[in-house]
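The chain contents come next:
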Amino acid sequence: MTWQSLITMSLGAILIENFVLVRFLGICPFLGVSKKLDTAMGMGMAVIFVMTAASAATWAVQEYLLKPLDIGYMQTVAFILVIAALVQLVEMFLQKAVPALYKALGIYLPLITTNCAVLGVAIINSDNGTGFLESVLFAFLSGVGFTFALLLFATIRQRLEFAEYPDAFEGFPIALVTAGLLAMCFMGFSGLEIFP
Amino acid sequence: MVQYAVLALGGMGIVLGFLLAAAAKLFYVKVDHRIGEIEEALPGANCGGCGYAGCSAFAAALAGGDAEPNGCPAGGSAVAERLSSILGVETVKNTRLTALVRCSGGARARNRFQYEGIGDCHAAMRIAGGYKECPYGCIGLGSCVKSCPFSAISVVDGVAVVDHERCTGCQTCVSSCPKNIIVPVPYYADVNVACSSRDRGASLRRICDIGCLGCRICEKTCIHNAIHIEDNLAAIDFEKCTGCGDCAEKCPRKLIVDAKLDRGSRLMEV
Numbered sequence: 001m002t003w004q005s006l007i008t009m010s011l012g013a014i015l016i017e018n019f020v021l022v023r024f025l026g027i028c029p030f031l032g033v034s035k036k037l038d039t040a041m042g043m044g045m046a047v048i049f050v051m052t053a054a055s056a057a058t059w060a061v062q063e064y065l066l067k068p069l070d071i072g073y074m075q076t077v078a079f080i081l082v083i084a085a086l087v088q089l090v091e092m093f094l095q096k097a098v099p100a101l102y103k104a105l106g107i108y109l110p111l112i113t114t115n116c117a118v119l120g121v122a123i124i125n126s127d128n129g130t131g132f133l134e135s136v137l138f139a140f141l142s143g144v145g146f147t148f149a150l151l152l153f154a155t156i157r158q159r160l161e162f163a164e165y166p167d168a169f170e171g172f173p174i175a176l177v178t179a180g181l182l183a184m185c186f187m188g189f190s191g192l193e194i195f196p
Numbered sequence: 001m002v003q004y005a006v007l008a009l010g011g012m013g014i015v016l017g018f019l020l021a022a023a024a025k026l027f028y029v030k031v032d033h034r035i036g037e038i039e040e041a042l043p044g045a046n047c048g049g050c051g052y053a054g055c056s057a058f059a060a061a062l063a064g065g066d067a068e069p070n071g072c073p074a075g076g077s078a079v080a081e082r083l084s085s086i087l088g089v090e091t092v093k094n095t096r097l098t099a100l101v102r103c104s105g106g107a108r109a110r111n112r113f114q115y116e117g118i119g120d121c122h123a124a125m126r127i128a129g130g131y132k133e134c135p136y137g138c139i140g141l142g143s144c145v146k147s148c149p150f151s152a153i154s155v156v157d158g159v160a161v162v163d164h165e166r167c168t169g170c171q172t173c174v175s176s177c178p179k180n181i182i183v184p185v186p187y188y189a190d191v192n193v194a195c196s197s198r199d200r201g202a203s204l205r206r207i208c209d210i211g212c213l214g215c216r217i218c219e220k221t222c223i224h225n226a227i228h229i230e231d232n233l234a235a236i237d238f239e240k241c242t243g244c245g246d247c248a249e250k251c252p253r254k255l256i257v258d259a260k261l262d263r264g265s266r267l268m269e270v
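So the sequences go chain by chain: A and B. The first sequence maps to residues 1 to 196 in our numbering. The second sequence maps to residues 1 to 270 in our numbering.
Don't read these hints as lab results, they were simulated from the structure. Fair warning: there could be bad hints in the mix.
Stated by the list, open to error - In silico lysine-lysine, BS3-like type, Cα no more than 25 Å apart, as pairs: (1) K146(B) - K36(A); (2) K240(B) - K250(B); (3) K96(A) - K25(B); (4) K254(B) - K220(B); (5) K220(B) - K240(B); (6) K254(B) - K240(B); (7) K103(A) - K36(A); (8) K35(A) - K146(B); (9) K30(B) - K103(A); (10) K25(B) - K103(A); (11) K30(B) - K96(A); (12) K220(B) - K250(B); (13) K103(A) - K35(A).
Remember, it's a predicted structure, so these values are computed and weren't measured experimentally.
Chain A with its partners taken away, still in its complex shape (with noise of 0.2 Å):
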């Protein structure tokens, strides 16, 4: 892999296909734990966590099960039982051997155990039929973007907070509208080409 391609990769995850503002995946976190920078960040991080492990369980699934016995119309099923499975033995893990890492992540983790996000990048990824490194490595691209809007969006609300508006929007029409906006900016990054 050269480096031309990763930063090929990278672009393409973060900005031109990014998850929730382009593909409109894992609209739920977005939404619900953006009010705040601190949460926001917190979630972003789990995602991230997440996808990136997520990805390396379905990619062996995919491979080692699924492939050989033919039964990839089984694909969504087994990914989300493996994805599941695995979040939920992490928290475990973490629980005993780095309580910081679970206080910090802990009430975040479970809350993707079957986010559209994480199971959207397992099933894109056995779509492109990718090798290990390049899976692992475009969902934690994947996380890393999915974060990026979240922040963004995160400190938008914030300001919203002292935004003049008819209170008829107050509350969750402002922030859909918003999102509305920052997706269609996100849009204008299609087409985005570094090494022609």
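For this one, chain A is given, so just place chain B on it according to the hints.
For chain B alone, kept in the frame of chain A given last:
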């Protein structure tokens, strides 16, 4: 083909299930079960009135013996009793507090200029200390209203008013007020002075229709020697006050709040 799918997924499920069960044993962490019980008994508003980061932090401190069962001002004596029974200690009586906005001005206090900035008291304070003539009075843009986790404050006629039945005494609003005119007072206090102005009567009269002039009528009226004028402002000594309400009746500006008139004597409840 179908049997492969069934076997593969069923096998995966069984293997993962056993793996999780083994992990649960292997990575077992002893957690104080009382923490969960205590958290359920708490109001859960995370107001921070106890001095901890939130209800779960308070619960952990309580289970660890670092906090007292009556440490939750929002829960009042009912919660204190339940916490004491969970912990198995004697109940400590909780003195209920409520917040009082020491200003009655609002629309009756003059403005120095028209303010059209951000609708927030802290923002308004940045411009020459607010747009009210009275430097002590309520700005009325509702920073306290936004801060209250129990929706107990509202702005009526340009001045913040606390609903004492909803107020839990958590004191979140006390620190949210840039003018520092919200103070915790005993819930069972019958009379309160709703003004903070330390201006002399003559100059105050020009800028506010209701503020305390320091006329000493209340001081002379009180037979219990419980109300005194300090710095041109009436102050009540709750130790001596019996809640007779004579001062509230005699006050020419009607700014001593007599809670008895609102909802019967709170002294009866003590």
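Verification of the supplied hints:
no.: 1; hint: K146(B) - K36(A); verdict: 16 Å, holds
no.: 2; hint: K240(B) - K250(B); verdict: 19 Å, holds
no.: 3; hint: K96(A) - K25(B); verdict: 11 Å, holds
no.: 4; hint: K254(B) - K220(B); verdict: 16 Å, holds
no.: 5; hint: K220(B) - K240(B); verdict: 15 Å, holds
no.: 6; hint: K254(B) - K240(B); verdict: 21 Å, holds
no.: 7; hint: K103(A) - K36(A); verdict: 18 Å, holds
no.: 8; hint: K35(A) - K146(B); verdict: 15 Å, holds
no.: 9; hint: K30(B) - K103(A); verdict: 15 Å, holds
no.: 10; hint: K25(B) - K103(A); verdict: 20 Å, holds
no.: 11; hint: K30(B) - K96(A); verdict: 10 Å, holds
no.: 12; hint: K220(B) - K250(B); verdict: 10 Å, holds
no.: 13; hint: K103(A) - K35(A); verdict: 20 Å, holds
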